[in-house]
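Protein chains in written order, with our numbering: chain D, 6 to 144; chain Z, 6 to 144; chain C, 6 to 144.
Don't read these hints as lab results, they were simulated from the structure.
Please read these numbers as outputs of a predicted model, since none were measured by experiment.
Any given hint might turn out to be false.
Stated by the list, open to error - Heads up, incomplete: computed chain C residues facing chain D, CB under 10 Å, no partners named: (1) Pro62; (2) Leu64; (3) Leu68; (4) Trp88; (5) Val108; (6) Pro109; (7) Gln121; (8) Gln122; (9) Leu138.
All residues carry an ideal CB built from backbone N, CA and C; glycine is no exception.
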Amino acid sequence: MKIVKEAITVTTRGHNDIKDLTPEVQRRLQSSGLKEGQALVFVQGSTAGVTTIEYEPGLVEDLSELLEKLVPSDRVYRHDETWGDANGFSHLRASLLGPSLLVPFAGGRLQLGTWQQIILVDFDNRPRTRNILLQFVGE
Amino acid sequence: MKIVKEAITVTTRGHNDIKDLTPEVQRRLQSSGLKEGQALVFVQGSTAGVTTIEYEPGLVEDLSELLEKLVPSDRVYRHDETWGDANGFSHLRASLLGPSLLVPFAGGRLQLGTWQQIILVDFDNRPRTRNILLQFVGE
Amino acid sequence: MKIVKEAITVTTRGHNDIKDLTPEVQRRLQSSGLKEGQALVFVQGSTAGVTTIEYEPGLVEDLSELLEKLVPSDRVYRHDETWGDANGFSHLRASLLGPSLLVPFAGGRLQLGTWQQIILVDFDNRPRTRNILLQFVGE
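Extracted from the complex, chain D is given alone in its bound form (with noise of 0.2 Å):
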């Protein structure tokens, strides 16, 4: 068994911004050589998060509406006047999601659903470069 490390960036334009980071993850691990373990998924920063979705329009404008209800961006947060950033929201949205994600592999391919995409949520409230972390383990 080995770990392969690797880092994707990728940039976004904060507010809810959805990308698919599967075909990303998915040719890094070509690369890696490895067949059978686990993918490891993991965004650095606190206002950002990933999970799996059914990667099309409709549904991934539904997730930024939902996490829009569950918490607004249009009221204060103590956080906002502890920085002045103004990104409470953010912060509380990413901490729900989580930073990490883990999917297994099987024959060098990631073992997901048909409709099931490896995604990024950056819920800051500005554009942001983000640093997302991969770890393939396995043989």
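We have chain D already, so just place chains Z and C on it with the hints.
Just chains Z and C now, with coordinates in the frame of chain D:
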């Protein structure tokens, strides 16, 4: 260290059907022969999720109601217009809960709390047969 | 590759008490001697959860309020009738947040963002002593 792969097939009624996976995961762990390590539980598909709960009927129904409150099924989501299968709410709940869970084991036993079980929640709006992928990593 | 196991005991006040686990996880990682790999943080029990946040007092209180809003403590859940311990809301919040987190490390350091800390949230309605299981997998 090595990886042992397993799969569990679970038949659900959909509509927030919640299944206790713990006995089967423990059984597969036993037969893997591994003593110390980590159990990955991953559900393929974009309308189901995995987490832990105290698996007792009252709480199971509470969780179902909570998810209905947070992501109501009685409104129209954009995703419903895309495919016409009216399960936008199922996808959103799945993205919120997430598809994967990692549980440590020691002495060949899952190290869950006494009142902590591994569950599959099937959010889809119809009965489904689910493929749960397991990976035991350890020694 | 190998696995190094550790456990942290944390005393909480319950009621959404939020503890920064980062310094202790980093300390244990250091003493494991491992340089490259993954740190699993898992809380045993069904009324606590683990995630990341920028650990500053304002945001910590924001998160507590958000969870109170999403899963109110001032209503009766079915679970409360089962056991009479009135902490149905604690269980539901725990299932939503999840008990496990996986963080990559490199050069013997957790690869968190600068403003990203690992937290335990204790949702129970009374003080608790929590058992946090750690596993460092790597080389």
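Taking the hints in turn, this is what the structure says about them:
no., hint, in the structure
1, Pro62, "8 Å, holds"
2, Leu64, "4 Å, holds"
3, Leu68, "6 Å, holds"
4, Trp88, "27 Å, violated"
5, Val108, "7 Å, holds"
6, Pro109, "5 Å, holds"
7, Gln121, "4 Å, holds"
8, Gln122, "8 Å, holds"
9, Leu138, "16 Å, violated"
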